[in-house]
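Asker: Be aware that the sequence shown starts at 28, since it is given in the numbering used here, and climbs by one per residue.
Warning: the hint list may mix true and false statements.
Pair by pair, the computed Cβ-Cβ distance ranges are [unchecked claim]:
hint : residue 1 : residue 2 : range
1    : Ala270    : Leu114    : 15 to 21 Å
2    : Ser295    : Glu182    : 23 to 29 Å
3    : Thr108    : Glu185    : 41 to 47 Å
4    : Ser295    : His162    : 19 to 25 Å
5    : Arg272    : Gly176    : 42 to 48 Å
6    : Asp39     : Asp158    : 33 to 39 Å
7    : Glu182    : Ser87     : 44 to 50 Å
8    : Ser295    : Asp168    : 17 to 23 Å
9    : Ala271    : Arg51     : 34 to 40 Å
10   : Gly152    : Pro265    : 37 to 43 Å
11   : Gly257    : Glu182    : 34 to 40 Å
In short, the hints are calculated from the structure, not lab data. Idealized CB from N, CA, C, for every residue including glycine.
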Amino acid sequence: MPSTTTATALGDARIITAAELEFRPVADPAARTTVATPVSPAAGSTHVTLHVVRIAGGESFVPDDSAAEENTVVVFAGSGTAAVGDLSRHVERGRAAYAPTGRTLTLTADDAGMTAYIWRTPLAGVTPGSDPVLHSSLWDDTTQLRGFGGTGQIEAAEARATMNFVFWPGTGSSRLCLHCGIQQPGETFNVHLHPDSDEAFIAFEGIGQMYLRDHWVDVAAGDVLYAAPGVLHGARNPHTGPAARRFVTCGGPSPYDPALYSAAGYSSQVR
């Protein structure tokens, strides 16, 4: 089922715009559902695969070997159900699901269809969580990182964004994570790097900028950032004034980076 983008190979850093995503039919010739895979080991990543799937109304999508890998999913548009094993929940824009290794992820669209972003990684010998949270939302602010100053390579901005930890070790996620960065007008999630993790995140809402390697790039909802281990990245909302709106990103490093939880004052031990 792998797909490519119209862009060249990712190498170790790339922003893939929504317009560059190349969608292809799933393996079932009778299905109308299509999928693009802008990030994957075949395209240069080390640990993570990112699918963008457009599920036609009334159809279902199950990632290949779904039960053999961890999966997180965010609904980008439309609505339907997300089943993790035999536990199913209604989902709509901004809702999220986590499928631990051993539990199949099944997404089924309502009549109007559904678009979802799915992050995947092998468990790779990591102990699964004992009672993981399986359904959540990008707007769950139970656990947050505030005032993050980056990792020191780039001077930190003073107006600092807030990050929601949606799926993380504290909710039982073993290797994948899902974080939601909320950049209000003028705010920055400061530039940082992950020494041992791939980063794949998306612009979920609004317009803003993503930092990649050595400069800021304008992005809009649906665009994807990939950064290999050690590559600087960040997000900011440079827009201010009465018409400015929040800029929301989501995704996370794979495997998760304990330094983010330490910066927020939390343990990275899997629950």
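Asker: Are the hints correct? Go through all of them and say.
Answerer: Checked hints:
1. The given range of 15 to 21 Å is broken by Ala270 and Leu114, whose C-beta atoms sit roughly 42 Å from each other.
2. Separation of Ser295 from Glu182 is about 27 Å and conforms to the stated range, judged on CB atoms against 23 to 29 Å.
3. Look at Thr108 against Glu185: about 43 Å separates their beta carbons, and that is inside 41 to 47 Å.
4. Between Ser295 and His162 the beta carbon distance is about 22 Å. The supplied range of 19 to 25 Å therefore holds.
5. Take Arg272 and Gly176: their Cβ atoms lie about 25 Å apart, and the range 42 to 48 Å is violated.
6. A hinted range of 33 to 39 Å for the beta carbons of Asp39 and Asp158 is consistent with their spacing of about 36 Å.
7. Distance hint for Glu182 and Ser87: a CB-CB separation of about 48 Å, consistent with the stated range 44 to 50 Å.
8. About 19 Å separates the C-beta atoms of Ser295 and Asp168, a value consistent with the hinted range of 17 to 23 Å.
9. Roughly 37 Å separates the CB atoms of Ala271 and Arg51, a value that falls within the hinted 34 to 40 Å.
10. Checked against the hint of 37 to 43 Å, the pair Gly152 and Pro265 passes, with Cβ atoms roughly 42 Å apart.
11. Our hint of 34 to 40 Å for Gly257 and Glu182 is violated, since their Cβ atoms are close to 19 Å apart.
Consistency with the previously given hints fails for numbers 1, 5, 11, ordered from lowest to highest.
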